[in-house]
Structures are given as C-alpha cells and as structure tokens.
Amino acid sequence: MKSDDSMLLPLNFKEKGESTPERVVQGAREKTQQIIITDTGCKSVSTEPHLQERCKLNLIKKFQHVNEVITNQGNPTLLHEIYTELYITEGDSGKVNNEHEVRQIEAASRRAATEETPIKCNGIFKPLSEEDKPIRSVLTKGVAGIGKTVSVQKFILDWAEGKTNQDVHLIFPLPFRELNLMKDRKLSLMELLHFFYKEIKETNISSLDKVLFIFDGLDECRFPLDFQNTVRLCDVTESASVHVLLINLIKGNLLPSALIWITSRPAAADQIPSECVHRVTEVRGFNDPQKDEYFRKRISDQSLSNRIITHLKSLRSLYIMCHIPVFCWISATVLERMLGEAESGEIPKTLTEMYTHFLIIQTNVIKKKYTKSRETDTEMVLKLGKLAFQQLMKGNLIFYEEDLMECGINVTEASVYSGVCTQIFREEFGLHQSKVYCFVHLSIQEHLAALYVHLTFMNEKRNVFKKPIFLELLLKVTISDVHKSAVDQALQTENGHLDLFLRFLLGLSLVSNQLLLQTIVTQAGSSSHSNQETVNYIKKKISENPSTEKSINLFHCLYELDDHSLVEEVQHYLQSGNLHQSELSSSQWSAVVFVLLTSMQEQDVFVLNKYTNKHCSSDEVLLKLLPVVAASRKAQ
Numbered sequence: 001m002k003s004d005d006s007m008l009l010p011l012n013f014k015e016k017g018e019s020t021p022e023r024v025v026q027g028a029r030e031k032t033q034q035i036i037i038t039d040t041g042c043k044s045v046s047t048e049p050h051l052q053e054r055c056k057l058n059l060i061k062k063f064q065h066v067n068e069v070i071t072n073q074g075n076p077t078l079l080h081e082i083y084t085e086l087y088i089t090e091g092d093s094g095k096v097n098n099e100h101e102v103r104q105i106e107a108a109s110r111r112a113a114t115e116e117t118p119i120k121c122n123g124i125f126k127p128l129s130e131e132d133k134p135i136r137s138v139l140t141k142g143v144a145g146i147g148k149t150v151s152v153q154k155f156i157l158d159w160a161e162g163k164t165n166q167d168v169h170l171i172f173p174l175p176f177r178e179l180n181l182m183k184d185r186k187l188s189l190m191e192l193l194h195f196f197y198k199e200i201k202e203t204n205i206s207s208l209d210k211v212l213f214i215f216d217g218l219d220e221c222r223f224p225l226d227f228q229n230t231v232r233l234c235d236v237t238e239s240a241s242v243h244v245l246l247i248n249l250i251k252g253n254l255l256p257s258a259l260i261w262i263t264s265r266p267a268a269a270d271q272i273p274s275e276c277v278h279r280v281t282e283v284r285g286f287n288d289p290q291k292d293e294y295f296r297k298r299i300s301d302q303s304l305s306n307r308i309i310t311h312l313k314s315l316r317s318l319y320i321m322c323h324i325p326v327f328c329w330i331s332a333t334v335l336e337r338m339l340g341e342a343e344s345g346e347i348p349k350t351l352t353e354m355y356t357h358f359l360i361i362q363t364n365v366i367k368k369k370y371t372k373s374r375e376t377d378t379e380m381v382l383k384l385g386k387l388a389f390q391q392l393m394k395g396n397l398i399f400y401e402e403d404l405m406e407c408g409i410n411v412t413e414a415s416v417y418s419g420v421c422t423q424i425f426r427e428e429f430g431l432h433q434s435k436v437y438c439f440v441h442l443s444i445q446e447h448l449a450a451l452y453v454h455l456t457f458m459n460e461k462r463n464v465f466k467k468p469i470f471l472e473l474l475l476k477v478t479i480s481d482v483h484k485s486a487v488d489q490a491l492q493t494e495n496g497h498l499d500l501f502l503r504f505l506l507g508l509s510l511v512s513n514q515l516l517l518q519t520i521v522t523q524a525g526s527s528s529h530s531n532q533e534t535v536n537y538i539k540k541k542i543s544e545n546p547s548t549e550k551s552i553n554l555f556h557c558l559y560e561l562d563d564h565s566l567v568e569e570v571q572h573y574l575q576s577g578n579l580h581q582s583e584l585s586s587s588q589w590s591a592v593v594f595v596l597l598t599s600m601q602e603q604d605v606f607v608l609n610k611y612t613n614k615h616c617s618s619d620e621v622l623l624k625l626l627p628v629v630a631a632s633r634k635a636q
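Mapping to UniProt numbering: the sequence shown position 517 is 517, numbers consecutive.
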C-alpha cells in the first residue's frame, strides 16, 4: 500500500468479537456464493465461481488490516474498525494544480462546501443521474496522506466481502510502485496479471464481462506515459513494455469493457489526457467536524481530547493542516503526550515545533528497541535526512535500493531503520516480494531533509545548496547564506514543492528548537546566531515578489522565525480603520492578503470598498487582493 495514505486513523477501538479475520473471510465466502447464484450480472463468472471466490479471499487477506505501522506493532487492526468516511468530491476537469500541497489544503479549507458535489467512496463509478453516460475511467486526486490509498483499500474490501459493486467480476490492484519494478520487461497483459495474481493462471481475461484495474499512485510512476506516440495494442496475449500495456488499457484499446481507476497526487494528474478520463474526483481528507470526531475517537480521555482540539483551533495554520489525516495522527501523538503527561516545555505552536517533538518521541521509542550509543542516533538521522533531501530535490516519495546506496545506506541498514523507525521510515514488500522504501509521509520527509541541511551546516559549516569552489572555502559560510540559498531555491520552483521544507529549515534555526534537538542529535556548531539577516532577506523578497500567492509561504516562514512585525503593522491598520488613509507598500499589501486568508473568520462577502484608499485605485486594490476574492463566497 502507498505510504502516504496507509497512515489513516490509528484509533483506540477495542477488538470486536464479530469482526475477527477468520469470520470476515468466512462471511465473504458465504456472500460470494450467494452472489454467484443470484447476481444476474455475473453470468460469465458462474462457470468459474471458485476463481472469483479465490480472488476475493486473497484480497480480503491482503487488505483487511490497516497498515500496522500506526497501530500498536504486532496487533494489526481491522480496517472496518477504524475507518472514518472521508470527504470526496466531484473534481474539476483534471487540470493540474502546481501549488505546494499544503497551499492546496489551505485553499480547500476556505472553499464553500455548497459549491461541491460529495461522492461516496463506493459510488465513484456510479453516474450522478440516470441520464448521465456510464463511467468507465476515474481519476482520483489528492495530496500526500489525504486518504487516497485507504479509499482504494475500503473499496476493494467492500467488494471482496460482497457488500457493494457486485457487477464487477474481478478487481486487479496494480500500484505504480510495483509496476516500476517491471518497467524494463516485455510481456503481455495476461503475463503481467499472472505475475502478480497466480490464481488467474488458467483464465482468459477477455471472456469476463467487467473487470476493474486500480492503478494507485500515478505520482510514483518512474516510466514514461506517452499517450500520443504509443503503438496501438488490442490483443491481451501480445507482448509489449509495461507503459504500452497501461496506455492501451487506459485508452480502451485493450479490454474496452474494463473499468479503470487511477489515483494521483495533483501535480502528476495531467499525465492522463482528459479524453481518457470520464470522471475526476478529489479526496479532500477531513472537514472540520471530522477533525474533531477523529481526536475524540483517537483519545479516550474526552477532557484531554477537548483540550487538544481547543489548542489546535487557536492556531489556524495547524488546524488547517488537520485536513490531512496523517497530520491529525502526528498532532495527537505529540499533544496527547505533552498535555496528558504534564511534560515540561512549551506546547508546540508551529509546524517545526510539532514535527521536532514528534521526531523526539519516535527516537525515544527507538532507544528502547535498539540500545546503541547516542552517536548512532545522530548517524541514523543524518543518513535518513540525506536520503530525504536528495529525493525531495528530485521529487521522489518512493525509493529503491539504488536510491539508498547513493546515500550510503545498504539494504541491511535499511531493514534496521525500518524496524526501529517504524513511524518514520518504512520498508515494504510488494505484490511479488520486491522491496520498496518510503517515509511514512511527505511532510516527515520534508522535516528530515531540512534537519539534514541544518545539521550539515552546524557540523561541517557547509551549504549543501552550493558546490564549494576554492574561493568559497576561504570565506566563512554563515547560516544566513544557507537560508538565503534555500529561500531562492524555493521561490524558483514553479510548483512550490520546497515550501514546507523551507518553513522547517528556518524554524530549526530558532534557539528553542535547537535545544529540543540536542536530545537526539549532536550539533558541533553554536546556536547563538541572530536570524535578523534572514528575516530582512525574506521581507526584501516579499517586497520584490509581484505574486501575492508566492509571498504567502514567506509569511509562514516569518511566523516560523517568530517574526510577526509585518503582520502586526497591517493588523493595526485593519483594526484602526486607517487603511483608507495609508499608503501601503507592496509588502504590506501582501500582509493584508495573508491576514485575511489565515483569519478564523471566513470571507462570506468580500467588499472592495473596505480596502480602497486615496493612494491606490480600486482596480489596483482588486488586483492585489485577488486571492482573497477567490476565497470569498460573494464579492461586491
């Protein structure tokens, strides 16, 4: 299963006697036999009832448990016991959104629910009305950790247990991370299916009326998908490269009656041409009531769960992040310990503080499991950080053996790391026992990557963004140099995929966070420097940057650096009513946008006259405040 989504909902439910795996499998067997007798849509399978039954039982065994990474290790939890319905909507036309995923979450948190059509996970192939055409192919988008893979898992399990979608005869889940391992092979569609699913060895797939192929994780695909220049293929026994088979399946040349379901992070979604997609859906994670429900289920002490909800609601940027189920889990892990056990120290108020506390909790678990010297902790964090940083710069969330070797991690070490860092780093066995590796979530990878850059400077006085040349070796590199390089890199990326990494890197330079870090890693450098030079550089970039959208992450960066001066200036203008008289700089206009977008009050109606003044025409003000207009339900 995909790392970023299989982390959903580690709730403290008690085992229910009626839901034991054995009974689930037995129930499915009974239901499968009933389906074959009563379901008129299964004529072609009725000659092979045992094939469908075998496939269903194998899928139940594979998908009935939530990945044990998030539950108490060794006690796998049944998906049915902890699954909470996610908010899924009818998506747009498949247009790609290149913003950083956290920015997309922030935008989604402001969108009016009335503007959207909610869709149940099990109904994604059902047309909205009888007049609509049948849906053959679905593309489901969603940011990392939002619940795409868990939705796929729930769909498969409900089908295998005979609950829904019984007009489908067989389901073949083929995650891209597994298909990557086959990218250099030539084989037919039948051979590909036989490779992953031994139970269909004697079956002619063309004889089945309706099968469903699920391609999970398009963003993890490491081979080209050229829909324009790929040879046409119609025979399931004809050999070709894996990408040729996939393209012809998606186009409908191979098995035209087959259903296709593809999941993807938004930035990769445009690899599939719009004419090949009949429906686009978007997994939006938790809405506000579901966030609260999550914490109340996850934490049995209701007084404690209410304090955690209150704390998160008081910090808009953290509460917005709770749209992502994995972030709810990280927050619950940290805040349950800090608020519940009356631990000393500040309760986390920023993303960097939250993730640094999470890393400390996990390394303390590692120490109990894996008693070695403190240097080993530092070495392990640095190696994982180097892997996180290198792969983040390439845009990869999934790693293979050659990626690990580049960072000096061998397969044995990787197995040890995944054994002791189960909440951080994972080794997975695919459908065919091939190994792939990943961090538990993209944000954990971004935090470790930032930690690597920070520690490399602290311990070696080196700026990882620049290749050292002789002259630079003679000059003393400062932390501000590293920060400036990171700010420049983040601003240059079109899709902002370094935005969250930048927030973490700057946050780690605070003395308070460095003191926290000393419990897990050794730092050779001093933490007494001032961040004022970095703050000034970010303010300069905000004033130079014509894009207000680009500036928003820079304001989050100032927040991580504990500098609120620009925002406080603007809040003073807004509260005093002096905005009409004041001549605002471009930085201050960007701050106005940031304040309005991150305030707790939703902008039901945007009234332009509130913000116009004698120094700026209404057209100019409108252009400056367009992101606020876009987030409002009505505009005057």
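Incorrect hints may appear among the rest.
Taking CB as the label site, the calculated pair distances span [unchecked claim]: (1) T522 - L608: 24 to 32 Å; (2) S239 - N58: 36 to 44 Å; (3) S586 - S274: 35 to 43 Å; (4) F195 - Q492: 52 to 60 Å; (5) C234 - G408: 31 to 39 Å; (6) P289 - V629: 42 to 50 Å; (7) P256 - K186: 53 to 61 Å; (8) D235 - K313: 18 to 26 Å; (9) R185 - T519: 45 to 53 Å; (10) K540 - D226: 56 to 64 Å; (11) F227 - D488: 45 to 53 Å; (12) T493 - K163: 41 to 49 Å.
Listed below are the simulated DSSO-like cross-link pairs for lysine-lysine, each with C-alpha atoms no more than 27 Å apart in a straight line [said to hold, decoys possible]: (13) K349 - K61; (14) K349 - K467; (15) K540 - K467; (16) K550 - K539; (17) K484 - K435; (18) K435 - K541.
Don't read these hints as lab results, they were simulated from the structure. Even for Gly, the Cβ is constructed at its ideal location relative to N, Cα and C.
Is the hinted range of 52 to 60 Å satisfied by the C-beta distance from F195 to Q492? 42 Å, violated
Starting from the range 42 to 50 Å, see whether the pair P289 and V629 falls in it by beta-carbon distance. 27 Å, violated
Taking only the CA atoms, is the gap from K484 to K435 under or equal to 27 Å? 38 Å, violated
Note whether the CB distance of S586 and S274 lies within 35 to 43 Å or breaks it. Given range 35 to 43 Å: holds, Cβ gap about 37 Å.
Taking the CB of T522 and the CB of L608, does the distance hold inside 24 to 32 Å? 55 Å, violated
Please check whether C234 and G408 have a Cβ separation lying inside 31 to 39 Å. Violated, at about 48 Å.
When you check the alpha-carbon spacing of K540 and K467, does it fall within 27 Å? Between K540 and K467 the Cα gap is close to 25 Å, so the pair holds against 27 Å.
Between K349 and K61, does the CA-CA distance stay at or below 27 Å? With a Cα-Cα distance of about 41 Å, the restraint between K349 and K61 is violated, given a limit of 27 Å.
Honestly, do R185 and T519 meet the 45 to 53 Å range at C-beta? This hint holds: roughly 48 Å between Cβ atoms.
Are D235 and K313 spaced within 18 to 26 Å by their CB atoms? 58 Å, violated
Given the hinted pair K550 and K539, is their alpha-carbon gap at most 27 Å? 13 Å, holds
Given the hint of 53 to 61 Å, check if P256 and K186 actually sit that far apart at their C-beta atoms. The hinted range 53 to 61 Å is violated for P256 and K186, with Cβ atoms some 23 Å apart.
Comparing the model with each numbered hint stated earlier shows that hints 1, 2, 4, 5, 6, 7, 8, 10, 11, 13, 14, 17 and 18 do not hold.
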